[in-house]
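Here the protein sequences come in this chain order: A and B. Sequence positions in the first sequence follow the working numbering and run 149 to 519. Sequence positions in the second sequence follow the working numbering and run 149 to 519.
You may find that some hints are simply not true.
Any copy, or any two copies together, can satisfy a pair, since identical chains are not distinguished.
[What the hints assert, rightly or not] With a cut-off of at most 27 Å between alpha-carbon atoms, the simulated DSS-like pairs for lysine-lysine come out as follows:
no.: 1; residue 1: K511; residue 2: K444
no.: 2; residue 1: K277; residue 2: K254
no.: 3; residue 1: K254; residue 2: K270
no.: 4; residue 1: K270; residue 2: K235
no.: 5; residue 1: K270; residue 2: K223
no.: 6; residue 1: K511; residue 2: K235
no.: 7; residue 1: K223; residue 2: K254
no.: 8; residue 1: K251; residue 2: K511
no.: 9; residue 1: K251; residue 2: K235
no.: 10; residue 1: K444; residue 2: K277
no.: 11; residue 1: K254; residue 2: K511
no.: 12; residue 1: K444; residue 2: K223
Note that these hints are calculated values from the structure, not bench results.
Protein chains: 2
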Amino acid sequence: MFSFEVIAESTESRARAGVIQTAHGAVETPIFMPVGTLGSVKSISPEELVETGVQIILGNTYHLYLRPGCEVISKFEGLHGFMNWRKPILTDSGGFQVFSLAKLAKISPEGVTFQSHVDGSKHLLSPEKVIDIQTCLGTDIMMCLDQCIEFPATREQIRAALEITTQWAQRCRQAWQTAQNGGIALFGIVQGGMFTDLRRRSAEELVQIDFSGYAVGGLSVGEPVEVMMEMADFTLPILPQARPRYIMGVGTPENLIELVTLGADMFDCVLPTRNARNGQMFTQNGTINISNSRYKDDSDPLDSGCRCYTCRNYSRAYLRHLYLARELLAYRLNTIHNIHYFISFIRRMRAAIMADTFESFRKDFYRQLDN
Amino acid sequence: MFSFEVIAESTESRARAGVIQTAHGAVETPIFMPVGTLGSVKSISPEELVETGVQIILGNTYHLYLRPGCEVISKFEGLHGFMNWRKPILTDSGGFQVFSLAKLAKISPEGVTFQSHVDGSKHLLSPEKVIDIQTCLGTDIMMCLDQCIEFPATREQIRAALEITTQWAQRCRQAWQTAQNGGIALFGIVQGGMFTDLRRRSAEELVQIDFSGYAVGGLSVGEPVEVMMEMADFTLPILPQARPRYIMGVGTPENLIELVTLGADMFDCVLPTRNARNGQMFTQNGTINISNSRYKDDSDPLDSGCRCYTCRNYSRAYLRHLYLARELLAYRLNTIHNIHYFISFIRRMRAAIMADTFESFRKDFYRQLDN
């Protein structure tokens, strides 16, 4: 059921446009995936996701495994039925949260043991188990268990994490094949920190195992943006041209446009949703903080060119008032706008690639941002 | 512009159906008004209010006066434009919040001085000022400044509050007339605590002044439900049959059906919205707490007969999960259901009055509740 096809390539950069097919429909790349941590993209409904143009969302395996748990979600034929979302879902493996959020994460031969950040209960995630859980969640694209290391880290730490990541990737690939989840894709995750030779080794080992797609993990973990771009620039060309290439946990609009230039196809990030809840709004002229007193009686919409529900119906003054009064509607209206911004931005990138005008689109983007 | 017409009366009780006309459209009585304290019915959008059948909402003058203030709202031609709500609005006078929420409320010859609960700033609300503020808010129905006394209180406290309430009502009536707000209605508020003779005196004094409609205030302030019903039963017939009669701050579905039986036309209460945010859901078989573990993997909707957005799309298990995880979507989905419950309940009451089958409707309601 899963397939990927490149349908246009820029003649001026590695930017490309494609189509992913899944059991729950098509996804046009490049694509941005909003994060639905606990079976809900915080504050907004499935209908609002569709209205803002969202084609695929990300679910967090770690969180959903702890709450409400697979035994509940399986009664609803997976996450789609449970949360009433009928389009594609990508789930992460839970590895990132185990190492960043859970307590006492410890690698054993079997996998990684940890204590829940919710209630302190003890759990084991193994490569086989993350395939089981993601199968139960009924995802469209599942990810291998990996070990993501923060920046900075020693070469030795990075090398050890890389080796575990490759071992786990092999076991995930085996479990995935055994489960014969026909339609569900499995992506490998490249690690290797900020060392190009380790990035190359990780990528080549994963390509050898053969996955439906490849993610570049371990970026946006505290390194300077130049280093992130250098690593992406180095790693992306090593990955097969015929498979989707996914940069995990990134990023700002500027990050996205640069990484698309380098040939990336997929992105996820909490930035539009989390920042919306903190009052930071994305506009064609850069970010604004809606709590700023200059918007006190401003009757303009957030972003004059925007056609989202929020901008069509509400003023900056009203949004500022709701935000300062901590009204629940504030989080929703802000989130709708920010997601719409990211989605329409990446759609316009895709249209420019299709028309082979991506480089001029990129220049226009920066020019507008400086206005 | 404002008018009221009784279009049907029960032959078995004082229950009646009517139509209020305002500059922003018609309101079919009996009616329940959800509370939109700060320019938003907490967690839901104007479109969702319309979809659940809401015809009129209540705005809190005290809160809106403090945040964002009249100078902001007046730039949007009132609250309707500011919050994007195009149907009728009733605003209270702020008196209730001044005496219950603000600090150091003190009655002076001019009105009542208090300190804001938000920032401690000092303010004066006078009868003239509450008319000014409500005019600026662009409301459809404004309320007189009154002094509401909690239960229990001495006869002397109640008498003093009643006398101030009548004096303020006269000044409100004068200010309203001077302002010549053609289309905007002004309602008087009956006080008098739990003393029938004081209730009679208050009602008669207000009727003498002559208002567009009359509210019974000072109920649901801690008294036993039997006492509340006794006071309503005594007070409602004293009020003019040709004017709408509004019971403020009430109440449960059981309260509503009893008060409609006694001839009340209008209600407002935070019960459906506040309880939704605390996980207490109204159903045809009584209230349930959505956090109950019995709903852990329950795939049924909240209320099997309900046609609200929440019940059409989500299971109890999902709602329980969202609520326990404190997901923002929980508050919205719960609020939509509870408001829909109250609105469809009062609509069905109205239909029964029109068909003159109200008493059998009432018996069926209690029978179902006990199921």
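Violated constraints from the hint list, given by number and in increasing order: Result: hints 1, 4, 6, 7, 8, 9, 11 break, sorted rising.
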